[in-house]
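K.L.:
Under this note's numbering, the sequence shown has 51 at position 51, and the numbering climbs by one with no breaks.
Treat each hint with caution, since some may be false.
[To be verified] Within a straight-line C-alpha distance of at most 20 Å, the following computed SDA-like cross-link-like pairs (lysine to any residue) qualify:
#, residue 1, residue 2
1, K71, L48
2, K71, G41
3, K86, L48
4, K86, A72
5, K86, S36
6, K86, Q60
7, K85, S36
8, K86, N98
9, K86, S56
10, K85, E102
11, K71, T92
12, K86, L70
13, K71, N98
14, K85, Q66
15, K71, S89
16, K71, F55
17, K85, R61
The hints are simulated quantities; they were obtained by calculation from the structure and are not laboratory data.
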Amino acid sequence: MNRFFRLRFMPCCIGAVALALAGTAHAATDIDCDPSAAPAGRVPSQRLICESALFSMGYQRIHADQQRQLKAGTITEAEVAAFRKKRDSCETAACLDNVFREWRTFAAQAGGKR
Numbered sequence: 001m002n003r004f005f006r007l008r009f010m011p012c013c014i015g016a017v018a019l020a021l022a023g024t025a026h027a028a029t030d031i032d033c034d035p036s037a038a039p040a041g042r043v044p045s046q047r048l049i050c051e052s053a054l055f056s057m058g059y060q061r062i063h064a065d066q067q068r069q070l071k072a073g074t075i076t077e078a079e080v081a082a083f084r085k086k087r088d089s090c091e092t093a094a095c096l097d098n099v100f101r102e103w104r105t106f107a108a109q110a111g112g113k114r
């Protein structure tokens, strides 16, 4: 039984988990970094996020935090929309870094209000 488990069951489980995670990776945020799905008019900030692993990971964290805080009621859709507008106005990495830093400060303060 132990050998069956190692040779048959574990690879199937690992494969199923990998497929599940791969399927959710693209839907993780409002930005689709798939080159084949990229709109012709992608704004520079979205290009920066898609091309940089650090910005991509940072934005995924911000997006997850926004969803958590929206659900908890500590932020509003309008605040998320304002963040996205600021994000999309960036044309440089320095600007995007500053917008991300401002969001983290805002989110920490908003999370502490409740």
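K.L.:
Any of the earlier hints contradicted here, and which numbers?
P.N.:
1, 2, 4, 5, 7, 11, 13, 15 and 16
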